[in-house]
Amino acid sequence: MSKALSDVERIKAQSNRLRGTLTESLNNPVTGSIAPDDTTVIKFHGSYQQDDRDIREERRLQKLEPDYSFMIRTRLPGGVCTPAQWLALDALSQKYANGTLRLTTRQAFQLHGVVKTDLKQTMQGINAALIDTLAACGDVNRNVLCNPNPVDSRVHAEVYDWSVKLSEHLLPKTRAYYEVWLGEEKVGGGEEEPILRDTYLPRKFKTAIAVPPHNDVDVFAHDLGFIAILEGGKLVGFNVTVGGGMGATHGDDTTFPRLADVIGFCTPDQLLQVAENVVKIQRDFGDRSARKNSRLKYTIENRGIGWFMDALESRLEWKLGAARAYSFDHNGDRFGWVEGHDGKWHLTLYVDSGRVADRPGSAYLTGLREIACIHKGDLRLTANQNLIIAGVAAAERPQIDALVEKHGLGAFRTSTPLRLNALACVALPTCALAMAEAERYLPDFLTKVEQRLTVHGLTDTRIHLRITGCPNGCARPYLAEVALVGKGPGRYNLFIGGDTRGERLNVLFKENVDEQGALDALEPLLAAYGKLRQAKEPFGDFLVRSALVPAATRPTTVRRALQQV
Amino acid sequence: MSGNRSLVPLASLSAERSDLLARLLDGLNPTELQWLSGYVAGLAAGGTSSREPAPVAHVVPSLAPLASPLTVVYGTQTGNSRALAERIKQRTEAAGLPVRIFRASDYPLKELKEERVLYVVISTQGDGDPPDDARAFFDFVRGKRAPQLPNLRFSVLGLGDSSYPKYCYISRIIDERFAELGGKRLFARGECDVDFEKPASAWVDEALEHVKRELEQQSGLAPVTPIRVAASSVSTRDHPFTAAVLANQRITGRNAQKDVRHVELSLEGSGLSYQPGDSLGVWPVNPQWLAESILKATSLDGSAPVARDGQSHPLQHWLTRELEITRLSRPFILAHAERSKDAAFKELVGNADKVQALLASHQVVDLVQQHPATWSAAELVSSLRRLTPRLYSIASSQKRTPDEVHLTVARVEYDSFGSRHVGTASDYLALQRPDEGSVRVFVEHNDRFHLPRDPLVDVIMVGPGTGVAPFRAFVQDRQESGAKGRNWLFFGDQQFRHTFLYQVEWQDALKKGALTRLDLAFSRDQERKIYVQHRMLEKGADLYAWLEGGAYVYVCGDSKRMAPDVEEALLQIAMQHGKKDRDGAQEWLDGLREQQRYLRDVY
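Residue numbers (our numbering), protein chains in the order written: chain A, 1 to 565; chain B, 1 to 603.
Keep in mind that the hints were calculated from the coordinates and are not lab data. Yeah, the Cβ is synthetic: ideal placement off N, Cα and C, and Gly gets one too. Heads up, some of the hints might be wrong.
To be verified - Label-pair restraints from in silico Cβ distances: (1) A:G183 x B:E436: 54 to 62 Å; (2) B:G550 x A:Y68: 16 to 24 Å; (3) B:E436 x A:Y68: 29 to 37 Å.
Stated by the list, open to error - Below are the DSSO-like pairs computed for lysine-lysine, each with C-alpha atoms no more than 27 Å apart in a straight line: (4) B:K89 x A:K116; (5) A:K234 x A:K319; (6) A:K95 x B:K529; (7) B:K560 x B:K354; (8) A:K63 x B:K113; (9) A:K116 x B:K539; (10) A:K63 x B:K110; (11) A:K487 x A:K510; (12) B:K89 x B:K110.
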């Protein structure tokens, strides 16, 4: 590779194992921001520098710098936390952040609006609750997803356990995090990073574990995935998936969303070894020049999946087994109460865009605080930005139900299927990448689509709709049946034709449309769907069957002669 | 500010005239020189072109020192005392009598016992403090070292603000003390309230009469015919310049509790010049709605013509443009009580503390609304004080923006007694629309708050809140002139996020080295209130080292709490880092003050 390394590579190399000049930056009283290089370094610690973009221009005129604050993202494998941890994060948000909690599409909490001078206390508070934020962002393996509420509830504990182990196995070994935030004595840098080495990964790296028949984690959207294979209620191993990813750049054909390939099978005890070596291949071969082309999906696309498998198996010194049969039926959440094999109950609540806040008529913040105060099980964040109150004894259900009723948390019963399955990223005003609104706009747009669905007799259909403020794909828009991907203020690219299982990419249908343009473009499709759909036929499948959109790619299962023996 | 102007004498000018000219030019600032050149050119062209009637002035008849001239000593914070002292000097000179004038800080104290005729014009600050430039003078006069003054004939003119309890206190103490030391009062001490013009003029007239009698008796000299001098074409307090408003920008964030404005005014065509540290006088206009509230409460007709001081205007005009209607005065409270039937209120005004509380909490409108009284339009107009210009520290350097002057204005706006209250000038300025509005202004020079002449000298600036205004001018000026001395700013306000005035400019100045150090104190960003003096103490070792290395320290802002706290911090720093006891520290600070290296512009 003769191309110059990206500047982020320099920053990582010079960061003294992710310390950078963070401490100096935090102590600089003249600005609410940190040094430019440190904005890269701090991501590895689970935080982004942001500013309130709504008032950027206003403050420029006021001769004030942008209203800088920090987003803090937790590392929460599988999205599982205790009620005590929930209460701790809630309290920290009231004290230091904007008073809300954001549940993300990757089963993490985000606190928004923490000012620089409160960062350390907030980090310490999070760690005091036995949650960390290490590697929640940055060029590392980030939070590991896993299905929080499998149909076969017997395997949750086991699968969740693997997600924790996997997350910890791939963590950076530097003590920087503990020195900068938690006051640990300095070891001065130079720690061994056996897996990540000096400059960590070329780009972010995302991992998920799915438990069929649900693909709530959208396993094919991840760099690395594991599909749990159950036999008679027991976990026998995982199909391994590699090379998925959502991010793309408008107008750049070298970037694209890609579904992961299923490359084989491993047993549970082989999982960490497989993961480590996939990461190492990406570490060694990922593009470190153009960050737009650095994800594992491009490494695989450029070199071929065959090359990748050879590379992996030569590092493993053994061969993956043949991929086992699996099937996904959908990638949404199972709302309401479901009973587990152990007789404990799990209640999945709908959380609008994952934003836990008190609003007129629906006091999620207060309601969930009260629930956390009495709940004896755990709480699980879903990959669809919703929340499960898990492990409730039958006798305790009425208490929970009463609090759900009291605080107006019953949207999971009353909202349309469209709304229940919709996703939006955070976008404006805090996300620096956002080109258009997403979270703040989703409710309005859904209302308008709902009106059209009513007209066409489709109120009860479960259409998967996702909005993101930019093409980077935090809400996994390229898997949705209908997606708006932000292009500019009030302008979106309209994608259609995904499925409801996370197994088919959608296609660009209309470019650069405003709201009316999007609604107008959807109108004839919805009309046709209303008239011509087959029983239980999802919207995206209908579009493909009717050839209204070309059939797009599906995940490939790599089969080789040897494995078919 | 060129220090040495060498005079090239014209062959045609006699030695005596050449000498006179030298004396005339000595110490004139560029504006004055510019004016003078125009004036002389005008004379050469056969008359003055001034719109103003040409007042009679000046030039001392003889250069031979007289045994005992009139001495005028003034102590001033905002320049009013100086202006009055200058007036006495000019009129004395015009009368052909010898006179010398001193700022109190420049007065050679050992000469006091030699004085024959002495006038002191001095203001009282806040809660009975002398102006900064008169501290040493005041302490000396009041102290044990003051000499007996059996030959002294004197009078004192005090300036003050009757809304403070120790109104004109400093002038009273000096007056009593001179008498105690054996001096003979030529005539009674004068007292001037904020609306000082009328009593001051009367006192100056009287002073002239007395000085003529005293000095003519002494010397038997006949006054010479004075030469004619045209009035300045440059705008003054009484003939302000109408400046167009270029910008009016709020510079506190949307969540700030205060509304602070950055106001930019055009000086184009005014010929006005100023130095960093000078102030801009602004003639405000009272809000129409407030005048109407007063009219309603007094049941008076705003269109009725009323005469006062030889002027006639409709009452409405008096209330909006000529009179003070936001600040209450003691005499007005008494006059109002006289006209009120409210017995409880009448009784209240007999209690000094209660009157004091009233002054602090009430505006004119509150009084007339809460305690109705019967006023005639003429009585009301004659009982209210004259509207006075408000002085704002200039926040810009003409080296950067030659035709502009910038101000930093904290808008005073609050609810009280169920209605909106404003500060006249800040509200007036805050409502100005860029490119539409205009404001009547003049420059008020403040010689005691200028940058060191030596560009290598270090400067420490303490300016919390809008007190930071002159330091924006300082830093701009030193940056533009390439001054190599270091600049250290202590700034403080409520919150880093919302009230960090001129934040991006300071960041830029730091980056460019125009600002060497910036220490910040935001009082509401943590449980414990942190103010600038705390940051000064934290950095005490460095601060002391800077001062010992010759640095100047400037303090601007609130006089009631900040300035004393900062002064105490300086003393503490000298004690801790200079290993001095309290007296030693005090002496050290007095030394700084005497060397004019500890300079304050507090209000």
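Hint check results:
no., hint, in the structure
1, A:G183 x B:E436: 54 to 62 Å, "57 Å, holds"
2, B:G550 x A:Y68: 16 to 24 Å, "38 Å, violated"
3, B:E436 x A:Y68: 29 to 37 Å, "35 Å, holds"
4, B:K89 x A:K116, "59 Å, violated"
5, A:K234 x A:K319, "23 Å, holds"
6, A:K95 x B:K529, "19 Å, holds"
7, B:K560 x B:K354, "20 Å, holds"
8, A:K63 x B:K113, "56 Å, violated"
9, A:K116 x B:K539, "23 Å, holds"
10, A:K63 x B:K110, "51 Å, violated"
11, A:K487 x A:K510, "12 Å, holds"
12, B:K89 x B:K110, "22 Å, holds"
Hint violations for this structure: numbers 2, 4, 8, 10, all remaining hints satisfied.
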